[in-house]
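Colleague: Once you have looked at the hints, place chain R on chain P.
Single-letter residue listing:
Protein chains: 2
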Amino acid sequence: MPERGTMAYTIGIDFGTESARAVLMDTESGEQVTTAVSRYRHGVLERSLPDGTSLPQDWALQHPQDWVDSLEELLQQMTRAAQPDRILGIGIDFTSCTLLPTTSEGRPLCLLEEFHARPHAWPMLWKHHAAQKYADRINASGWDLLAYYGGKTSSEWLWAKAWQILEEAPDIFHAADRLIEGGDWIVWQLTGQEVRSICQAGYKAHWQKGRGYPEAAFLAQLHPNLPQVLAKLSPPHPLGSRAGGLVSAWANRTGLREGTTVATAVIDAHASVPAVGVTEPGVLVAILGTSACHLLLSEKYLAIPGISGVVEDGILPGFYGYEAGQVSFGDIFEWYVRTHAASMYGGEEAAFQKLTREAARLKPGESGLLALDWWNGCRTPYVDASLSGMIIGLTLTTEPPHIYRALLEAAAFGTRRVIETFEAGGLSVEEIRVCGGVAERNKLLLQIMADVTGRDVVDANVLHASATGAAIYAAAAAEIYGSVHEAAKRMGSRKETVYRPIQEHVPVYDALYAEYRRLAEYFGGGTSDVMRKLRQLRVLS
Amino acid sequence: MPERGTMAYTIGIDFGTESARAVLMDTESGEQVTTAVSRYRHGVLERSLPDGTSLPQDWALQHPQDWVDSLEELLQQMTRAAQPDRILGIGIDFTSCTLLPTTSEGRPLCLLEEFHARPHAWPMLWKHHAAQKYADRINASGWDLLAYYGGKTSSEWLWAKAWQILEEAPDIFHAADRLIEGGDWIVWQLTGQEVRSICQAGYKAHWQKGRGYPEAAFLAQLHPNLPQVLAKLSPPHPLGSRAGGLVSAWANRTGLREGTTVATAVIDAHASVPAVGVTEPGVLVAILGTSACHLLLSEKYLAIPGISGVVEDGILPGFYGYEAGQVSFGDIFEWYVRTHAASMYGGEEAAFQKLTREAARLKPGESGLLALDWWNGCRTPYVDASLSGMIIGLTLTTEPPHIYRALLEAAAFGTRRVIETFEAGGLSVEEIRVCGGVAERNKLLLQIMADVTGRDVVDANVLHASATGAAIYAAAAAEIYGSVHEAAKRMGSRKETVYRPIQEHVPVYDALYAEYRRLAEYFGGGTSDVMRKLRQLRVLS
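Going down the list, the protein sequences come from chains P and R.
Numbers 633 to 1173, taken from the working numbering, label the letters of the first sequence in order.
Numbers 633 to 1173, taken from the working numbering, label the letters of the second sequence in order.
All the given hints hold, so there is nothing to weed out.
In the BS3-like style, the derived pairs of lysine-lysine whose C-alpha atoms are separated by at most 25 angstroms in a straight line are:
1) R:K765 <-> R:K864
2) R:K932 <-> R:K784
3) P:K932 <-> P:K841
4) P:K864 <-> P:K759
5) R:K1165 <-> P:K995
6) P:K1165 <-> R:K995
Keep in mind that the hints were calculated from the coordinates and are not lab data.
Please read these numbers as outputs of a predicted model, since none were measured by experiment.
So that you can see chain P by itself, here it is in the shape it has in the complex (with noise of 0.2 angstroms):
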């Protein structure tokens, strides 16, 4: 721990989807020093390879180099905000899985001249869709293993990437020595070794604790080729540990230390933890977005049905790291707002002023309407992508506000279902911490979820939440505080803002939640299949 008055730094980078993010943390005062954003040049490569190759469908690639470029950047940015040597960690956060085949030096195969034009060679970013059919075979092997994983698989994950690239492009997957996370990736340029993180391979490759990645042998029974991945991992890193000291070719580059602590990578939503200023169960982390991802700390190990993952010591060395997550959150008003409102309200921004003052005036029930909030399908419970919205109640008096206070209570609707899956499955939520663009910019919403929920919603009030969680696995991993949950209490989120239920709407939106469970229990719950045929219809049409 460093002398009081001694300044001590960290910086936290997070790579985000079109863009990396970083923060000069005051470790002891907890203040973000400065802050900066790097666009990535190639931004996510859908259509067509940097060569021009195109690419199918549902195909969604990063460019390493773009990652390389934008970490210089704000290193040296953060660089110039302090004394180098009070720079004493650096941490990373980044998407996941984001997935890239390298040489044993970690060399990205898509930079090789060999492998360019060759879509399969480049970094498969989370949102990477095209490995759905091998996600599928999967999800159909009866694999108990998924009980821990809300009992399925997700084409998002390192089994079907790595299955994809396998199948369709036996040469690159033979090529590859290694299978990396992008935040490992990154790890492994700044420290000059391959050392995995505890987050990552827990989520998104099926690693437990004990058990270590799945079995070889009941891979083989899903392709025989497909146990050859395991020699392509490596085994994961807690979070919060020293990964390695900084290289001096970085060093020289950014102007940092060489040997600066170099903290294990962690996925960007978990980072937002210790940033929100969570240690302990009880408290569900809500990281409001266009999804959403719910975080919460356990001392049990619990095969939850619905919940997307547990991993021990997977978010803080010591607990349980439960995850869930709502596919649809803010992209469901943004949906209304840029499609309806912004062209009847004079723009985007206003329509979202607009609208959030008179549905703000609404009282519970008044719009008459329900609505389900699987625009983008649904990720807990039912963890199916075939799901659609519905709303009802429309009459001829249905106004634009009604429907948006309805689009904001479904999206609460579907954070309490995640909470009751939660209990259902014997973990308690006392209270909801959030964080997020969402939560930044729409208060009323706040609001609507703990009316909903029947619990205090604390807004975190911390900006670059991801960021700035990665710099406190940081300050920990230099050993500035002598663990994660120190580092969490010292630096995490202190000025809060309390949304407390307001209790004549509580009893309202138990009525109005009993109504969205039942339809969506309908709907989602096998009952009925018409929002799969109008998928189906949609795509023959």
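Modeller: Just chain R now, with coordinates in the frame of chain P:
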């Protein structure tokens, strides 16, 4: 029958909700010589009486002086367009049940000083809904006759309204020597004789041939004084018959010949049947406006669940006339245009044009959406005002033209459900023949109706169908033709446009309709009561 070359005209006057319309028809050519509209000075009295007395919610009254003023103005205009002595008949159609209490001489009680400030003394317009609780009591009685009225009487019909007056204003009830439909009251004014119409009596007062009005013994079970209503009615007369001759006072006011034939009145929707040239079973007449009314002739007398009414000779002498309906039809698309699209596309007309163009480019199923057309409740088959609209299949790629097309499709699915309700009851429907404002304007909808129902949709291209029909009944009553059938053949629609089903659309709509029907049965058929609960929560909020 007039000699060839001898001109013979009839006048049809259509009393609507906000205005009355007249047509002067050349009975030989079937051409509309002239047409005129006269708005009611007081419109619909929904908030207060003319003297300022305020009205409770759900009330809707009219002023009888408005009817008389419009009648005089319109008859004068028609008379100026032809030789008055060649105008041989006057036909009246009217909204129904529009009920007023009068003295034995036909003087409306509301025009008497003592009752002028009393709401119950005024004509209750068809859409007066404040008698709902009396309708509920009648429906709870288990009355066997209701099997011929879709299982329920309506708050809009005679018995609920009469009971409301009896219970809430007994002095007015006792002062009313007559309770009479607006159309019959106009005939009384013109002829000096109270001649009731079989159409209004049959569909709205539950009069049935051979059985007459409801039995006193049954009515007494509902309320001891309800049988007294029977003494305020009188036996109905056939359609296309002469109710009487024009009295001298009205001849003087209008320039028409004294003694000019005045036909028995008819309900506005029902008058459309001869106007569109339908005189036989198997052709469903669909009057498409804000709501849709469906009329079908048959030689069979059947009690069909979900069909609103069957009356022998109720539309055309010699046939059983069946009535069904969609409470929400054009008002659904109008709702979307008004609340959303108008301000998006620069006005309602521009929005209608733009959405129609874009929706026409979509293939069946391409929207991925399905809607239930119950924005204003459902008449056929569920007879349930507490039902509401829904849209399912919403995704982040849903755009306004998708929604607009889904709403058109929902209206067409509702029409298919009406047809299937008829067919399940034993009546076949070979063809659909349409008229009304929405048919005139929305040709895309007509094609979708053909594709969805798999039947030819014939656009009768008749403007002012109700008034035209009234003039046709008048031609029969004046014995210009030997029957309504013959008059309809000569004066009804002749220049038709046929929309034939596009064969590749039919199977896709069959699949979508199967889903529509399942959803309808789930939400309307009693399995789920979420729509009713949402309305309750809305009222309580």
